[in-house]
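There are 2 protein chains.
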Amino acid sequence: MVGVDAPVDLSEALVILDPDRTDLLRELDRTFTAWGNAAGAREILPPPLYPVSDLEKFDVYNNFPHLALVAAPLDLAGGAVKPADGRFTPADLQAPRLGLPHATCYGAYLFHQDRRVADTALVTLVNRCFRNEEHYGGLRRLLSFQMREIVALGSYEHSRQVLTAFTERITAFGRALGLALDRVAASDPFFENDGGRALLAKLSPVKFEFQVEGLAISSVNTHRNFFGERCNIRRLDGDEYAYTSCVAFGLERWLSVLLDLHGGDAQQALESVKSAAGQVS
Amino acid sequence: MVGVDAPVDLSEALVILDPDRTDLLRELDRTFTAWGNAAGAREILPPPLYPVSDLEKFDVYNNFPHLALVAAPLDLAGGAVKPADGRFTPADLQAPRLGLPHATCYGAYLFHQDRRVADTALVTLVNRCFRNEEHYGGLRRLLSFQMREIVALGSYEHSRQVLTAFTERITAFGRALGLALDRVAASDPFFENDGGRALLAKLSPVKFEFQVEGLAISSVNTHRNFFGERCNIRRLDGDEYAYTSCVAFGLERWLSVLLDLHGGDAQQALESVKSAAGQVS
Numbered sequence: 000m001v002g003v004d005a006p007v008d009l010s011e012a013l014v015i016l017d018p019d020r021t022d023l024l025r026e027l028d029r030t031f032t033a034w035g036n037a038a039g040a041r042e043i044l045p046p047p048l049y050p051v052s053d054l055e056k057f058d059v060y061n062n063f064p065h066l067a068l069v070a071a072p073l074d075l076a077g078g079a080v081k082p083a084d085g086r087f088t089p090a091d092l093q094a095p096r097l098g099l100p101h102a103t104c105y106g107a108y109l110f111h112q113d114r115r116v117a118d119t120a121l122v123t124l125v126n127r128c129f130r131n132e133e134h135y136g137g138l139r140r141l142l143s144f145q146m147r148e149i150v151a152l153g154s155y156e157h158s159r160q161v162l163t164a165f166t167e168r169i170t171a172f173g174r175a176l177g178l179a180l181d182r183v184a185a186s187d188p189f190f191e192n193d194g195g196r197a198l199l200a201k202l203s204p205v206k207f208e209f210q211v212e213g214l215a216i217s218s219v220n221t222h223r224n225f226f227g228e229r230c231n232i233r234r235l236d237g238d239e240y241a242y243t244s245c246v247a248f249g250l251e252r253w254l255s256v257l258l259d260l261h262g263g264d265a266q267q268a269l270e271s272v273k274s275a276a277g278q279v280s
Numbered sequence: 000m001v002g003v004d005a006p007v008d009l010s011e012a013l014v015i016l017d018p019d020r021t022d023l024l025r026e027l028d029r030t031f032t033a034w035g036n037a038a039g040a041r042e043i044l045p046p047p048l049y050p051v052s053d054l055e056k057f058d059v060y061n062n063f064p065h066l067a068l069v070a071a072p073l074d075l076a077g078g079a080v081k082p083a084d085g086r087f088t089p090a091d092l093q094a095p096r097l098g099l100p101h102a103t104c105y106g107a108y109l110f111h112q113d114r115r116v117a118d119t120a121l122v123t124l125v126n127r128c129f130r131n132e133e134h135y136g137g138l139r140r141l142l143s144f145q146m147r148e149i150v151a152l153g154s155y156e157h158s159r160q161v162l163t164a165f166t167e168r169i170t171a172f173g174r175a176l177g178l179a180l181d182r183v184a185a186s187d188p189f190f191e192n193d194g195g196r197a198l199l200a201k202l203s204p205v206k207f208e209f210q211v212e213g214l215a216i217s218s219v220n221t222h223r224n225f226f227g228e229r230c231n232i233r234r235l236d237g238d239e240y241a242y243t244s245c246v247a248f249g250l251e252r253w254l255s256v257l258l259d260l261h262g263g264d265a266q267q268a269l270e271s272v273k274s275a276a277g278q279v280s
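The listed protein sequences derive, respectively, from chains A and B. Position 58 of the first sequence, counting from 1, maps to 57 under numbering that gives the first Met the number 0, and the rest follow consecutively. Position 73 of the second sequence, counting from 1, maps to 72 under numbering that gives the first Met the number 0, and the rest follow consecutively.
This is chain A alone, in the form it adopts within the complex (with noise of 0.2 Å):
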């Protein structure tokens, strides 16, 4: 932890995009957005933040707490209350009730809550993410960066099947601009407290990231039932909960190793995207 003494240097926690890399960051987003179109999704469109009670109901207090951001207002029933050096003190806000999410996906699950869905239901949807870290990397690692997620719900079959194809496309998609992709099996903390869980993930990865020169740009990530349970999502038979998986995409993190591809050129990056884009779709 860093304390109080030696805050943690944001300087390179969040960056303004010019037009050019603006451009190339929509452009990806719609390249990767119509991939999930294509497959059958239609777009929801998620708040930035959620009550905190509804982040606890995926363990992200538990489970990620050194990431999380909360957020409140000020508390001016005893008057005016001012920064000083940048910062507030604690005791300046009111009880904070609002979470900054880390993952774009929660927003899909919480649409779904007490619903029923049917075996290949697939939504797309992108948010901006935060992470509190101990260091930031400008477009490699920001505090706050955009997530697009294609998301399954539904049968068993189908949540791994999207990750198959998507996993194929991935692949192509980096092989045509030629960025030298490693598909590495990661460990998710989503479900290190949840014994039987936990033992499947160790028998059969739950997660794999896409990574250039170690910088994870993409990940697939199947959850079985996890998410359905604790949102009550249900199959359209029956009342088993629905599977979910989803396949996510960090917006920054592919412009940040497409501008060091092409030596920081944003619209030569931009043709490179859009050619590879129409060899893959």
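The set of hints was computed from the structure by calculation and includes no laboratory data. Hints may contain errors.
Each pair may be met inside one copy or between any two copies, as identical chains are not told apart.
As the list claims (entries may be wrong) - Below are the DMTMM-like pairs computed for lysine to aspartate or glutamate, each with C-alpha atoms no more than 25 Å apart in a straight line:
#	residue 1	residue 2
1	Lys81	Glu239
2	Lys81	Glu55
3	Lys81	Asp118
4	Lys56	Asp74
5	Lys273	Asp259
6	Lys273	Asp238
7	Lys56	Asp84
8	Lys273	Glu167
Source: prediction; values computed, not measured.
With chain A's structure known, arrange chain B on it following the hints.
Showing chain B alone in chain A's frame:
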């Protein structure tokens, strides 16, 4: 102020848009962005939170402290902290150094900070905005919503001309949609604590809102050189601070009034937007 014993009801504070509403919001945003592009604006992409020290430059904690939301990581130095009844206590947090913006255009001024701009600079950007309110009302009054802006920087004449042109366009678009749009002069608390500018604002309104039955869905705002001065944005010729102005579109509020007009039918509303955009652009 609502105290700790009666927390504000968050049930109408945040929404996840379904696919039809998402499509409608995206179409509205494409329409307004295209107007900006046609006027010469390129897009930049800001983060949904900033260091408090950046937002302080705009007097937000002096002028809008009641609207402000601030964010911080959990303080885990003393061990695990857990929410109870959906809330943390302020003492669970590290000192808040991050502020959630209540308007989009701050990103444009921070992007141009310490730079020089041409006399007719124009950018567009969309962001998540956040407002702490005493009550929420779904799409009409959300805690988090999206605001598209077109921001002019440069000469005073340019800052005025952009507002004149967009006032005409918004008026014509409202007419083509069949919306009963009222143009209403409004006060802008930005300048309340700034004697000279407050006096000027009384002489010549700095903000006009476009309202539907009292609900503001867009506004045009002129800031003279307030933001140019605060961010040290200067004009290319000479040392004068840049003048700025902005045109703002509250996307969920446009969604709300269009859904009302079309009996809740988002697909029909989408067709009306496409048709009206064709008449105006």
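So, going through the hints one by one against the coordinates:
no., hint, result
1, Lys81 with Glu239, "neither (52 Å within a copy, 31 Å between copies)"
2, Lys81 with Glu55, "between (31 Å within a copy, 9 Å between copies)"
3, Lys81 with Asp118, "neither (53 Å within a copy, 36 Å between copies)"
4, Lys56 with Asp74, "between (27 Å within a copy, 21 Å between copies)"
5, Lys273 with Asp259, "within (17 Å within a copy, 39 Å between copies)"
6, Lys273 with Asp238, "neither (44 Å within a copy, 42 Å between copies)"
7, Lys56 with Asp84, "between (36 Å within a copy, 13 Å between copies)"
8, Lys273 with Glu167, "within (18 Å within a copy, 36 Å between copies)"
In this structure, the earlier hints numbered 1, 3, 6 are contradicted, and the remaining ones agree with it.
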